[in-house]
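Asks: Here are the chains, one letter per residue:
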Amino acid sequence: MADQSTNSAQTAEADKGYWQANLRLIYISLVIWALVSFGFGILLRPLLSGIAVGGTDLGFWFAQQGSILVFLVLIFNYAWRMNKLDAEYGVEE
Amino acid sequence: MDQFTINLLFVGASFALYIGIAIWARAGSTSEFYAAGRGIHPVTNGMATAADWMSAASFISMAGLIAFTGYDNSSFLMGWTGGYVLLALLLAPYLRKFGKYTVSEFIGDRFYSQTARIVAVICLIVASVTYVIGQMTGVGVAFGRFLEVSNTTGLLIGAGVVFAYAVFGGMKGVTYTQVAQYCVLITAYTIPAIFISLQLTGTPVPALGLFGDTASGEPLLTKLDAIVTELGFNDYTAHHSNTLNMVLFTLSLMIGTAGLPHVIMRFFTVPKVSDARWSAGWALVFIALLYLTAPAVGAMARLNITDMMWPNGGLEGGAVSVEDIDNDARYDWMATWQKTGLLDWEDKNGDGKIQYYNDKSESMQAIAEEKGWVGNELTKFNRDILVLANPEIANLPSWVIGLVAAGGLAAALSTAAGLLLAISSAVSHDLIKGAINPQISEKSELLSARIAMGVAIVVATYLGLNPPGFAAQTVALAFGLAAASIFPALMMGIFSTRINNTGAVAGMLAGLTVTLVYIFLHKGWLFIPGTNSFTDADPLLGPIKSTSFGAIGAMVNFGVAYVVASMTKETPQEIKDLVESVRIPRGAGAAQDH
Numbered sequence: 127m128a129d130q131s132t133n134s135a136q137t138a139e140a141d142k143g144y145w146q147a148n149l150r151l152i153y154i155s156l157v158i159w160a161l162v163s164f165g166f167g168i169l170l171r172p173l174l175s176g177i178a179v180g181g182t183d184l185g186f187w188f189a190q191q192g193s194i195l196v197f198l199v200l201i202f203n204y205a206w207r208m209n210k211l212d213a214e215y216g217v218e219e
Numbered sequence: 168m169d170q171f172t173i174n175l176l177f178v179g180a181s182f183a184l185y186i187g188i189a190i191w192a193r194a195g196s197t198s199e200f201y202a203a204g205r206g207i208h209p210v211t212n213g214m215a216t217a218a219d220w221m222s223a224a225s226f227i228s229m230a231g232l233i234a235f236t237g238y239d240n241s242s243f244l245m246g247w248t249g250g251y252v253l254l255a256l257l258l259a260p261y262l263r264k265f266g267k268y269t270v271s272e273f274i275g276d277r278f279y280s281q282t283a284r285i286v287a288v289i290c291l292i293v294a295s296v297t298y299v300i301g302q303m304t305g306v307g308v309a310f311g312r313f314l315e316v317s318n319t320t321g322l323l324i325g326a327g328v329v330f331a332y333a334v335f336g337g338m339k340g341v342t343y344t345q346v347a348q349y350c351v352l353i354t355a356y357t358i359p360a361i362f363i364s365l366q367l368t369g370t371p372v373p374a375l376g377l378f379g380d381t382a383s384g385e386p387l388l389t390k391l392d393a394i395v396t397e398l399g400f401n402d403y404t405a406h407h408s409n410t411l412n413m414v415l416f417t418l419s420l421m422i423g424t425a426g427l428p429h430v431i432m433r434f435f436t437v438p439k440v441s442d443a444r445w446s447a448g449w450a451l452v453f454i455a456l457l458y459l460t461a462p463a464v465g466a467m468a469r470l471n472i473t474d475m476m477w478p479n480g481g482l483e484g485g486a487v488s489v490e491d492i493d494n495d496a497r498y499d500w501m502a503t504w505q506k507t508g509l510l511d512w513e514d515k516n517g518d519g520k521i522q523y524y525n526d527k528s529e530s531m532q533a534i535a536e537e538k539g540w541v542g543n544e545l546t547k548f549n550r551d552i553l554v555l556a557n558p559e560i561a562n563l564p565s566w567v568i569g570l571v572a573a574g575g576l577a578a579a580l581s582t583a584a585g586l587l588l589a590i591s592s593a594v595s596h597d598l599i600k601g602a603i604n605p606q607i608s609e610k611s612e613l614l615s616a617r618i619a620m621g622v623a624i625v626v627a628t629y630l631g632l633n634p635p636g637f638a639a640q641t642v643a644l645a646f647g648l649a650a651a652s653i654f655p656a657l658m659m660g661i662f663s664t665r666i667n668n669t670g671a672v673a674g675m676l677a678g679l680t681v682t683l684v685y686i687f688l689h690k691g692w693l694f695i696p697g698t699n700s701f702t703d704a705d706p707l708l709g710p711i712k713s714t715s716f717g718a719i720g721a722m723v724n725f726g727v728a729y730v731v732a733s734m735t736k737e738t739p740q741e742i743k744d745l746v747e748s749v750r751i752p753r754g755a756g757a758a759q760d761h
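Read top to bottom, the protein sequences are chains A and B.
Just so we're aligned, residue 127 is where the first sequence starts under the numbering used here, counting upward by one.
Just so we're aligned, residue 168 is where the second sequence starts under the numbering used here, counting upward by one.
So that you can see chain A by itself, here it is in the shape it has in the complex (with noise of 0.2 Å):
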């Protein structure tokens, strides 16, 4: 009984670290997402205006090409480190 309830604490507890790390994760990805899209691609585009990129300048570029790339990278990263965090906190499937 004892073990019992020790084990379930501590797995509680792992839940928890899990679900931290994944949220911290989670945090991290979207600052670049807005960053990238939002950011680059709208907001600071003339900040970046400076930048030429094949007849234009770098928001261009962030706002039809770049973007899109940077959210595959996004979510393949997010993929990879989940699935480690998965065996790491021992909750995968």
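The hints are simulated quantities; they were obtained by calculation from the structure and are not laboratory data.
Here a beta-carbon is modelled for each residue, glycine too, at the ideal position from N, C-alpha and C.
Each hint should be verified, as a subset may be incorrect.
Once the Cα atoms are required to be at most 30 Å apart in a straight line, the calculated DSSO-like pairs of lysine-lysine come out as [stated by the list, open to error]:
| hint | chain 1 | residue 1 | chain 2 | residue 2 |
| --- | --- | --- | --- | --- |
| 1 | B | 527 | B | 439 |
| 2 | B | 515 | A | 210 |
| 3 | A | 142 | B | 267 |
| 4 | A | 142 | B | 736 |
| 5 | A | 142 | A | 210 |
| 6 | B | 527 | B | 506 |
| 7 | A | 142 | B | 439 |
| 8 | B | 736 | B | 439 |
| 9 | B | 390 | B | 267 |
| 10 | A | 142 | B | 390 |
| 11 | A | 210 | B | 743 |
A short, non-exhaustive set of chain A residues, derived as facing chain B with CB atoms under 10 Å [unchecked claim]:
| hint | residue |
| --- | --- |
| 12 | 136 |
| 13 | 152 |
| 14 | 173 |
| 15 | 177 |
| 16 | 180 |
| 17 | 197 |
| 18 | 200 |
| 19 | 201 |
Based on these hints, arrange chain B on the given structure of chain A.
Replies: Structure of chain B alone, referenced to chain A:
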């Protein structure tokens, strides 16, 4: 062989392929009909999601909207891809862990309320039907062109095909056919783009060609800016629209993506939680192949069209003559498209030439007066025809034109079928079996699913005859509705234990209602033309157009849910435990039916 026969051949062959696969993988039991027994690999699932996702709006409509507006329509590109980040991080793995078949089942269980479930079903139906209207617009354009009939006839024929197609499919048929459709549509989109990119920039990769140099050594985009401004249009790469509206529009498309049932449903069909995470990534890989090409297609087509209308080197060289349009084979596409009623020109000043310029621009009005022009003579150029007409404009071989025909139809059909499936499962599984008559037999459930599909397609066809906008714009409205209603409920359901049943219901109703009212005020009540009080040129709230309102609706949803939840009874413990368990992948078994 003439072009008409070649088109029919390509379209016919691709259809035979899809129908063959659908018959081979015919759905038997209800669980197969909805979620294909959960045996689908993440890469396969990603490809099918991409086909499901990239509809007439992405394939037929989007590049045209970018071509004629330039940078300002980048929102479509960022919005329709950025949503996958939200989906992968905030929803997909948890909904898979939850392990039910539909989005509204999750909402009903998490908010322990039959009302929440029914409200979610209503939100799904409203968003999906709006979405199908946009698809039908694209179907009408595509069938109209390839059968060389009017847009309306094309739409009616298309509706029949979509219906037959969705009714006999079911998800399993749909999953494998959608893989085939993805292959057809991506080839069809990319091949003409490669040809055109080679012609204009010498680069075989269109995405690189967009930022490449033309034969004269001048960058493509610089050249494009110069020739369109010469005709009085806005320079292509500059920002002209309202910034706030652009941000809200992009955000609406992003969160709408993560709230659309036919996309979320895809993540129920992978074997494991970790697969749900990978699936979203794979889906975006396959989507990005088209989305990285689309801005190149838009810019290059705009350049080609302008060159065609001013074939002698811009304004000074003089416009194309009516005689050339009638007789020169390079201008044959104009006559073909004129038949659909979506393209038209008129020699208003009778000088035997067709002057294409921006007659709203003041500097152009002065030039026009001097030269004796009385207005823009390319009187109609529907944005939705651009991608389909593109290979003809660039004078590509006829097999490429046939291929694009097949691709455009694949895009429109696959999404329409996916949506009809989402609508039919919402009605039969959630509304009838879940709420009205839980004792319904499996057979009657399937029957009611098919009846729901039929009704949805009739409504969508009727409204598609007088659509509230170009295909991609109508679809954007659907995203606004999904963004305002479903996404906040799902996200709060996973990330907050505070939000209770009443909070969620109030939030969804508030978000859906304000967004729907705002859209109807601008686009007409129930999209009936002429019943609107405002237009998107001069919207009710400052610069915020009806297509951008979804982001505001979502904020209303979050806000109302939070306030109402904090004033009402706390979420019970067993629901808090449920939320905890959804957050942890451990123990995700096969899905349960109930």
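Asks: Holds or violated: residue 136 of chain A as interface residue toward chain B, Cβ cutoff 10 Å?
Replies: violated, 14 Å
Asks: Taking the least C-beta to C-beta distance, is residue 180 of chain A closer than 10 Å to chain B?
Replies: holds, 3 Å
Asks: When you check the alpha-carbon spacing of residue 142 of chain A and residue 390 of chain B, does it fall within 30 Å?
Replies: violated, 57 Å
Asks: Tell me if residue 152 of chain A is really an interface residue toward chain B, meaning its C-beta lies closer than 10 Å to one of theirs.
Replies: With a closest approach of 5 Å, the residue 152 of chain A hint holds.
Asks: CA of residue 736 of chain B to CA of residue 439 of chain B, is that 30 Å or under?
Replies: violated, 35 Å
Asks: Does residue 743 of chain B sit within 30 Å of residue 210 of chain A, going by the straight-line distance between their CA atoms?
Replies: holds, 26 Å
Asks: Does residue 527 of chain B pair with residue 439 of chain B here, judged by a C-alpha cut-off of 30 Å?
Replies: violated, 57 Å
Asks: Just to be careful: measuring from the Cβ of residue 197 of chain A to every Cβ in chain B, is the smallest value less than 10 Å?
Replies: Since the shortest Cβ distance to chain B is 5 Å, the answer is holds.
Asks: Next item in the hint list is residue 177 of chain A. Is there a CB on chain B closer than 10 Å to its CB?
Replies: With a minimum Cβ separation of about 13 Å from chain B (threshold 10 Å), the hint on residue 177 of chain A is violated.
Asks: Can the restraint linking residue 142 of chain A and residue 736 of chain B be considered satisfied, given a maximum Cα separation of 30 Å?
Replies: holds, 25 Å
Asks: Check the hint pairing residue 390 of chain B with residue 267 of chain B against an upper bound of 30 Å on the C-alpha distance.
Replies: violated, 54 Å
Asks: Given the proposed pairing of residue 515 of chain B with residue 210 of chain A, does the C-alpha separation stay at or below 30 Å?
Replies: Measuring from Cα to Cα gives roughly 68 Å; hence the hint is violated.
Hint compliance for this structure: hints 1, 2, 8, 9, 10, 12, 14 and 15 are not met, and every other hint is.
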